[in-house]
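Chain by chain, the residues:
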Amino acid sequence: MNAIIFSAVLGVLLMFSGIFFSKKSTITVIAVVSLLILFIVNIAENYGLFAITVDTKNLLSFSRFGLFFNSILIAATLIFVLLSGKEIENTSVNTAEYYALIMFVLCGISILTAFNGLLMLFLGIEIMSIPLYILTGADKRNLKSNEAALKYFLMGSFSTGIMLMGIALVYGATGSFDLVSVMNKPGSAGVEIPSFLKSAGYILLFAAMCFKVSAAPFHFWTPDVYDGAPSVFTSFMATIVKAAGFFAFIHLFESNAALLGPSWKILVSFVTVATLLAGNITAVFQQSIKRMLAYSSIAQAGFMLLALFSNNDLAREGIILYAVAYCMATIGFFAVLIKVKDYTFEGFNGLAKKEPLLAFSATIFLLSLAGIPLTAGFFAKYYMLASVIKSGGALWLVITAVLFAAVSVYYYFKVIQAMYFKEGNPEVNAGSAMYRTLLVLLAAAIVLVGALPSIVLNWFYF
Amino acid sequence: MSTIQILFFFLSVLAIFSAIMVLISKNPVHSVLWLIAVFFAISGHYILLNAQFLAIVNLIVYAGAIMVLFLFVIMLMNLNADSEPRKHQWMKIAGVISGGCFLMVLISLVRQTVEITGKTALVKEGNIGLIKNLGKVLFSDFVVPFEISSVLFLSAMVGAVVIGKKD
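Respectively, the protein sequence lines represent chains A and B. Numbered as in our numbering, the first sequence ends at 462 without a single skipped number. Numbered as in our numbering, the second sequence ends at 1167 without a single skipped number.
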C-alpha cells in the first residue's frame, strides 16, 4: 500500500511545485527526490520495515514478487528521469504537471503489481493509461504528437471497452471480481466444466491485455504512437509501462490457464509467433531509428509473451530479468537517441568518431537488446526460452523465437555499423558530465547483470 | 403474459432496434439521437430490476451530459458525406468476418452456458440497486477502489488543463 499512497501524494506535491518554483531544473530535482522516497518506501514494505496497512477487503494483495517488480519499475523511472530530465524540461512549459503525471502512472503500476481482482486490474490499467495519453500529446506544437495522442486515446478507450465487456461477462458468471473465486468455483450445475461465460470473458480480457502490451494482432497503434510521441515519453511508455502491463497480464492468467483448456496454449503461441513476426520483420525495413525501436519493442513483447505461455517459476524469474534488461537497455538507448538530431540511420553515421563514449554505451545497449552473451539481454532471453522448455512440448516455439532473435540482430547491428563503420558528421548534443557518467554506469550495469544475472534474482528471494 | 414481461420485451426490442439504427444511420446526428433512445430503454430495464439509482444516473450522465457533448462535437466538426474517410473494401470484409465470428461466439454462449439457462432477472425483487444498499457496499467493501479512483480523475483533470491551456 506504501507505493500507492506515496505515489499519489507525491504526484499532487509535484503538481503544486510548479507554482512555487519557476526554475525547471528545481522541479526535476524535486521529482528525483520524490522517486527516491517512493523507491525507499516500497523497499521498506518489501522487507516489512515500514508499511501502511489498509483493509482492502482482499482487493489488493502485496506479494513479494509484486513488490519486487514494483521496486524495479520505480528504479527504472528514477534512472529515466536522471538521464532524460533535461528533455522533459524542454518538451513544454508544463514540466511540473508532466512529472506529476509520471507519478500517477507509477500509482497505476503499483496497483497493477498488487491487484487481486478484476476491479483493481481495471482501475490500475486506467490510472496507468490516462496520463500516458496526455504525455503522448505533450509536444502540443507538433502535429504528429497530437495525432499520436488522439489515436492512442481512441484506440486505448476502445480496448478498455473490450476489457470492461470481458469483466462484465466474468462478473455475470461468478458474481465476484475475485480472481481466485473466479477460477475455482464449479458451475452452478455442480459439475466442474469450464463456464462458457467465464471463458468468453477471459478471451475478451486477453484481447484487451494484448492491446495494452502491443502484442500482434493488436499492435497497429504502437509504431504511430511511439513515433509521434516526444522521444522522452516514448522511452517511458515502451519500457516501464509495458513491463507493468506484462506483469498484470501474467498475474491475470497465472491461475486460470486451465479455464480455457488446451486452446489456451494454442492461442498464446499464435499470438507470440504473430508478435515476433510482425515486430521483427517490419523493423528490418524501417528508415527511422525511432520507428525501428517501436517495432523492436513489439518484437521484445513477443519474447515476454513466452513467460505467459510457460507460466512456471522460471518464467517468473525470467520476466523479472527481462524487465530489468529491457528497461535498462531501452531507456539508455533512447537517452542517446534524444541527443542526436537526426533520427534516421544516416543521422548516426560516424557517431563513434565524434562522441566515442555515447557510441560505445549505445553499442552495449543495442547488444543487450539483441541478446548477445555477456549482456543482460542474453540471460533475459535465455530464461524465457528455458522456461518454455521446462513447461514442455513446445520446442518449435523456442526454435521460432531463436530464429527471430537472429533476425533482430540485423537491425540492431545496422545502427552499430552506422556509428562505427560509416563516415559522417552527425549533429549531436554531448550532454552534461552527469549524463555521461550515468550512461556509462548504466552500460556497466548491463554488462554486470549479463555476467552475473543472480545479483538481480537473489534480491527476489532474500 | 404479465405486464412486466410485456414491458421487458418492449424495452428489449426498443433497445436492440435503436442500437441497430445507431449503426446504420447515415447522418451522425441521427445516430446520436438513436443512442439516446438506447439509453432510455436500458434505463427502463434498470427500473424493472428495481435499480432506480442506476436508472437515474444512466439518464443524467449518459443520455444527458455525454450525449449533449457528442452532439456538440458532431455539430462543431460539421461532418458530411464528402469529409467521410474512404474505407477499403477488404477492411469492410475483414470487419464483417471478425464481427460475425464474435457474434457467433456470443450467441452460442447465451444458448449453452450453464449459469444463465432457466434463470430470469430478479424483476421487482432485487434491492441491490437501491441507493441505500449501493452506498453501503461502496463505502464498506469497495471503499479502497472508490478512494483510488480519485487518482484517476485527478490525472484526467491535470491532463485536460495541460492540453487545454495555452503555452
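Derived by calculation from the structure, the hints in this document are not laboratory data. One or more hints might be untrue.
No more than 30 Å apart at the CA atoms, straight line, and that leaves these computed lysine-lysine pairs for DSS-like [to be verified]: (1) B/K1166 <-> A/K290; (2) A/K23 <-> B/K1165; (3) A/K341 <-> B/K1166; (4) A/K24 <-> B/K1165; (5) A/K151 <-> B/K1087; (6) B/K1166 <-> A/K23; (7) B/K1087 <-> A/K290; (8) A/K57 <-> B/K1132; (9) A/K144 <-> A/K390.
Computed footprint of chain A on chain B; a stretch qualifies when at least three of its residues, placed anywhere within it, have a C-beta under 8 Å from a C-beta of chain A [claimed, not checked]: (10) 1011-1021; (11) 1099-1110.
Which stretches of chain A does chain B cover? Using the computed rule of at least three CB atoms under 8 Å from a CB of chain B, they are [stated by the list, open to error]: (12) 68-79; (13) 86-96.
Just so it is clear, CB atoms sit at the ideal spot from N, CA and C, and this is done for glycine as well.
How the hints compare with the structure:
no. : hint               : in the structure
1   : B/K1166 <-> A/K290 : holds (29 Å)
2   : A/K23 <-> B/K1165  : holds (20 Å)
3   : A/K341 <-> B/K1166 : holds (27 Å)
4   : A/K24 <-> B/K1165  : holds (18 Å)
5   : A/K151 <-> B/K1087 : holds (17 Å)
6   : B/K1166 <-> A/K23  : holds (19 Å)
7   : B/K1087 <-> A/K290 : holds (29 Å)
8   : A/K57 <-> B/K1132  : holds (20 Å)
9   : A/K144 <-> A/K390  : violated (45 Å)
10  : 1011-1021          : violated (count 0)
11  : 1099-1110          : holds (count 4)
12  : 68-79              : violated (count 0)
13  : 86-96              : holds (count 3)
Hint violations for this structure: numbers 9, 10, 12, all remaining hints satisfied.
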